[in-house]
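Asker: Listed below are the residues making up each chain.
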Amino acid sequence: MNFANLFKIAVKALSNNKLRGFLTMLGIIIGVASVITMLAIGQGSKRSIQAEISEMGSNMIMIHPGGDRRGGVQLSADDMESLKLQDLEDIQTQTRFVTYVSPSVNSAGQAVYGANNTPTTIYGVNLDYLEIRRYRVGDGDSFSEQDIKTAAKVCLVGKTVVDELFPDGENPVGKIIRFGTIPFRIVGVLESKGYNSMGMDQDDLIIAPYTTVQKRILAITHLQEIICSALTEAYTDQAIDEISAILRENHRLKPSDEDDFSIRSQQEMASMLTSTTDMMTVLLAAVAGISLLVGGIGIMNIMYVSVTERTREIGLRMSIGAKGFDILAQFLIESILISVTGGLIGVLVGVGAAIAVNLIAAFPIYIQPWSVFLSFAVCTLTGVFFGWYPAQKAAMLDPIEALRYE
Amino acid sequence: MNTEKEIIRLENIRRDFHVGDETVHALRGVSFTIHEGEFVTIMGTSGSGKSTLLNTLGCLDSPTSGEYYLDGIPVRSMDKNQRATLRNRKIGFVFQNYNLLPKTTAVENVELPLMYNPSCSAAERRRRAIEALQAVGLGDRLQHRSNQMSGGQMQRVAIARALVNNPAVILADEATGNLDTRTSFEVLVLFQELHAAGRTIIFVTHNPEIAQYSSRNITLRDGHITGDTFNEHMLSAAEALARLPKPED
Numbered sequence: 001m002n003f004a005n006l007f008k009i010a011v012k013a014l015s016n017n018k019l020r021g022f023l024t025m026l027g028i029i030i031g032v033a034s035v036i037t038m039l040a041i042g043q044g045s046k047r048s049i050q051a052e053i054s055e056m057g058s059n060m061i062m063i064h065p066g067g068d069r070r071g072g073v074q075l076s077a078d079d080m081e082s083l084k085l086q087d088l089e090d091i092q093t094q095t096r097f098v099t100y101v102s103p104s105v106n107s108a109g110q111a112v113y114g115a116n117n118t119p120t121t122i123y124g125v126n127l128d129y130l131e132i133r134r135y136r137v138g139d140g141d142s143f144s145e146q147d148i149k150t151a152a153k154v155c156l157v158g159k160t161v162v163d164e165l166f167p168d169g170e171n172p173v174g175k176i177i178r179f180g181t182i183p184f185r186i187v188g189v190l191e192s193k194g195y196n197s198m199g200m201d202q203d204d205l206i207i208a209p210y211t212t213v214q215k216r217i218l219a220i221t222h223l224q225e226i227i228c229s230a231l232t233e234a235y236t237d238q239a240i241d242e243i244s245a246i247l248r249e250n251h252r253l254k255p256s257d258e259d260d261f262s263i264r265s266q267q268e269m270a271s272m273l274t275s276t277t278d279m280m281t282v283l284l285a286a287v288a289g290i291s292l293l294v295g296g297i298g299i300m301n302i303m304y305v306s307v308t309e310r311t312r313e314i315g316l317r318m319s320i321g322a323k324g325f326d327i328l329a330q331f332l333i334e335s336i337l338i339s340v341t342g343g344l345i346g347v348l349v350g351v352g353a354a355i356a357v358n359l360i361a362a363f364p365i366y367i368q369p370w371s372v373f374l375s376f377a378v379c380t381l382t383g384v385f386f387g388w389y390p391a392q393k394a395a396m397l398d399p400i401e402a403l404r405y406e
Numbered sequence: 407m408n409t410e411k412e413i414i415r416l417e418n419i420r421r422d423f424h425v426g427d428e429t430v431h432a433l434r435g436v437s438f439t440i441h442e443g444e445f446v447t448i449m450g451t452s453g454s455g456k457s458t459l460l461n462t463l464g465c466l467d468s469p470t471s472g473e474y475y476l477d478g479i480p481v482r483s484m485d486k487n488q489r490a491t492l493r494n495r496k497i498g499f500v501f502q503n504y505n506l507l508p509k510t511t512a513v514e515n516v517e518l519p520l521m522y523n524p525s526c527s528a529a530e531r532r533r534r535a536i537e538a539l540q541a542v543g544l545g546d547r548l549q550h551r552s553n554q555m556s557g558g559q560m561q562r563v564a565i566a567r568a569l570v571n572n573p574a575v576i577l578a579d580e581a582t583g584n585l586d587t588r589t590s591f592e593v594l595v596l597f598q599e600l601h602a603a604g605r606t607i608i609f610v611t612h613n614p615e616i617a618q619y620s621s622r623n624i625t626l627r628d629g630h631i632t633g634d635t636f637n638e639h640m641l642s643a644a645e646a647l648a649r650l651p652k653p654e655d
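Taken in sequence, the protein lines are chains A and B.
First residue of the first sequence: 1, per our numbering; consecutive thereafter.
First residue of the second sequence: 407, per our numbering; consecutive thereafter.
If you are wondering where the hints come from, they were derived from the structure by calculation, not from laboratory data.
Any given hint could turn out to be false.
Said to hold, decoys possible - Below, in silico cross-link-like pairs of lysine-lysine (DSSO-like), each with a Cα-Cα straight-line distance of 27 Å or less:
(1) A:K393 - B:K509
(2) A:K323 - B:K652
(3) A:K175 - A:K153
(4) A:K8 - B:K652
(5) A:K323 - B:K509
(6) A:K12 - B:K509
Claimed, not checked - What the simulated footprint calls covered on chain A by chain B, stretch by stretch (three residues with Cβ under 8 Å from a Cβ of chain B suffice, anywhere in the stretch; the number is not a length):
(7) 86-93
(8) 218-230
(9) 255-268
(10) 306-316
As the list claims (entries may be wrong) - Pairwise CB distance ranges, derived in the manner of DEER restraints:
(11) B:D628 - A:K12: 13 to 21 Å
(12) A:E309 - B:P653: 53 to 61 Å
(13) A:F363 - B:A529: 35 to 43 Å
(14) A:I297 - B:E473: 19 to 27 Å
(15) B:H612 - A:Q392: 33 to 41 Å
(16) B:D634 - A:Q392: 37 to 45 Å
(17) B:P508 - A:A362: 31 to 39 Å
(18) A:E309 - B:S468: 46 to 54 Å
(19) B:T635 - A:E309: 41 to 49 Å
(20) A:E309 - B:D628: 33 to 41 Å
(21) A:V282 - B:S483: 53 to 61 Å
(22) B:A529 - A:K12: 35 to 43 Å
(23) A:V287 - B:V430: 34 to 42 Å
Bear in mind the structure is a predicted one, so any value in this text is a computation, not a measurement.
A virtual CB, placed ideally from N, CA and C, is assigned to each residue, including glycine.
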């Protein structure tokens with residue numbers, strides 16, 4: 001039997017029942033379209049969160065003093081002075097999976113220039129900080145290693161601070177502002193980073209050498225925080241292990257002692273934030289998958305009805321020379337045609353709906369090519385799987401019985 | 407007496423059915439030979455084994471014992487697929503209820519048997535279908551759909567479908583059973599024309615009147631052949647049709 005002929009026969013049979021074919025397809029169309037749309041929405045929001053998090057910094061690892069002690073008296077992390085400059089130096093020199101390391105000391109206060117003032121935070125850091133947090137210097141230059149050594153009163157300012165202190169559009173580079181009572185010379189302006197995913201303004205800050213902030217503002221010698229960046233995201237865990245080992249040794253902790261510091265990574269935050277969207281994606285995909293299954297059962301149902309209804313036709317085809325295989329192939333092709341056509345329309349509808357969601361509701365979407373291929377493959381398999389049994393039933397019919405069927 | 411080629415040869419065909427514990431003997435040793443160009447009616451009341459015989463002749467069913475040669479080919483040892491191919495090449499069926507595909511044009515209906523013959527190209531198929539329809543006088547209705555035709559026209563399409571594969575034998579099962587008298591005679595005229603053109607036709611019926619228009623009549627009762635007569639004075643269906651009162655409209 002010629003496959004092209006079987007195909008023609010199946011197409012002809014389907015076109016004889018267009019409405020029914022379409023209604024059967026509808027189940028598949030809705031199933032495929034919803035799988036694609038739901039995955040597009042789920043992946044879209046996940047990606048936008050991930051993008052925002054990676055904007056915050058590159059593979060950041062944050063080390064704070066104080067352990068995660070439960071019960072007992074817990075000192076405020078700021079009061080603990082366990083992080084020392086020595087820790088920073090050891091992390092810089094003794095790790096293999098850490099690229100950038102910066103100390104961080106900060107103080108909130110009022111920045112003043114002329115008649116303008118604004119509340120902001122000053123961060124005392126080293127030059128690695130800019131790399132870790134992905135700040136770029138726009139106008140002017142960064143401060144130098146020499147500035148750090150000498151605890152120079154120089155600073156970089158974020159755009160929000162600039163806007164508040166220089167509302168007339170004056171060039172801030174070279175100007176002297178005061179933070180609290182200390183005068184700082186602005187050596188550069190940071191490029192704007194906007195708000196992060198937790199709603200924090202990343203441009204509302206002043207960056208200065210950590211030595212300056214330690215000595216001239218806070219009058220401390222310890223570090224409030226150490227920020228590092230892992231070699232790559234994949235090495236985050238190794239980097240954390242290395243840092244942890246160094247700190248435990250430096251702090252002379254016995255194996256039974258708890259850490260007197262806590263380490264958090266950007267990866268951790270990212271997975272925390274994306275876990276919700278991951279779950280949402282799985283749930284949506286499950287619901288969509290169920291509707292695809294229902295669509296498949298719809299095909300099976302219709303094919304059964306169709307086989308029963310066309311028993312006489314099957315008998316006739318057999319009497320004029322159709323083999324069991326020909327009948328099987330005809331009905332299988334019919335159900336595959338229904339599901340594949342439905343799948344194609346479903347892909348178009350799904351992609352269209354996802355784009356509509358993006359345009360109308362301004363919701364981030366991302367259409368993953370694999371989700372399109374997967375749902376398309378699933379619905380082809382659906383056609384074969386749910387079409388097989390009715391087709392088999394048709395092929396097994398006895399031509400004599402089938403011809404007499406009323 | 408007949409020197410023509412043997413188309414059908416039945417040798418002591420028996421067919422038993424098992425219904426529950428009982429065995430029904432539908433055919434109890436049927437033997438006959440049909441030569442090329444014969445127009446045979448097979449008569450019998452219901453329960454005579456007529457349908458079973460038809461199914462056997464049509465290679466739809468296999469006899470329990472005995473041998474059946476169709477155009478010289480032994481059928482009994484064939485499997486289902488071989489018999490399907492044999493039906494496709496050697497047999498043309500005409501049914502009481504036409505069995506045309508719904509919503510399908512006459513020419514597509516007639517093409518159907520050739521769709522299951524891979525050696526027949528699309529162009530060849532179309533050409534032969536048109537020829538067959540012209541042979542039954544429906545050359546001007548090629549694109550009519552089955553639901554746009556009268557019973558007589560539908561049966562003509564069915565006959566064209568039976569002719570299209572140029573079969574060794576045409577098997578008609580009560581082919582005039584659903585038609586009124588006038589249309590029945592029109593169809594009979596067509597069968598006689600095909601007979602005159604040298605076709606071998608087996609016409610199964612319970613209507614004794616039809617036997618007079620065939621060249622040979624086999625009577626079946628309780629699974630046995632009770633009569634096998636050659637009709638020396640075949641009546642002309644065309645004349646009978648002419649004698650019928652004109653339809654009043």
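Asker: A:F363 and B:A529, beta-carbon distance inside 35 to 43 Å?
Answerer: Given a distance of about 56 Å, which is not inside 35 to 43 Å, the answer is violated.
Asker: Measuring from beta carbon to beta carbon, are B:H612 and A:Q392 in 33 to 41 Å?
Answerer: holds (37 Å)
Asker: Under the criterion that the straight-line Cα-Cα distance not exceed 27 Å, is the pair A:K12, B:K509 satisfied?
Answerer: holds (10 Å)
Asker: When you take the CB atoms of A:V282 and B:S483, is the distance between them in 53 to 61 Å?
Answerer: The hinted range 53 to 61 Å holds for A:V282 and B:S483, with Cβ atoms some 60 Å apart.
Asker: Hinted pair, alpha-carbon criterion (27 Å max): A:K8, B:K652. Please report holds or violated.
Answerer: Status violated; Cα separation ~44 Å.
Asker: Counting residues of the segment 255-268 of chain A with a beta carbon closer than 8 Å to any beta carbon of chain B, are there 3 or more?
Answerer: Since three or more residues must qualify, the claim that chain B covers the segment 255-268 of chain A is violated, with 0 doing so at under 8 Å.
Asker: Mind checking the hinted window 37 to 45 Å against the Cβ distance between B:D634 and A:Q392?
Answerer: Because 43 Å falls inside the window, the suggested range holds.
Asker: Do the Cβ positions of A:E309 and B:S468 conform to the proposed distance bound of 46 to 54 Å?
Answerer: violated (29 Å)
Asker: Falls inside 41 to 49 Å, the C-beta gap from B:T635 to A:E309?
Answerer: Holds, at about 44 Å.
Asker: Is the hinted range of 13 to 21 Å satisfied by the C-beta distance from B:D628 to A:K12?
Answerer: At roughly 44 Å between Cβ atoms, A:K12 and B:D628 fall outside 13 to 21 Å, so the hint is violated.
Asker: Is it true that the C-beta distance of A:E309 to B:D628 lies inside 33 to 41 Å, as the hint says?
Answerer: Given about 37 Å between the Cβ atoms, the range holds.
Asker: Does 34 to 42 Å hold as the CB distance between A:V287 and B:V430, or does it fail?
Answerer: With a Cβ separation near 56 Å, A:V287 and B:V430 fall outside 34 to 42 Å, so the hint is violated.
Comparing the model with each earlier hint shows violations of hints 2, 4, 7, 8, 9, 11, 12, 13, 14, 17, 18, 22, 23; every other hint is respected.
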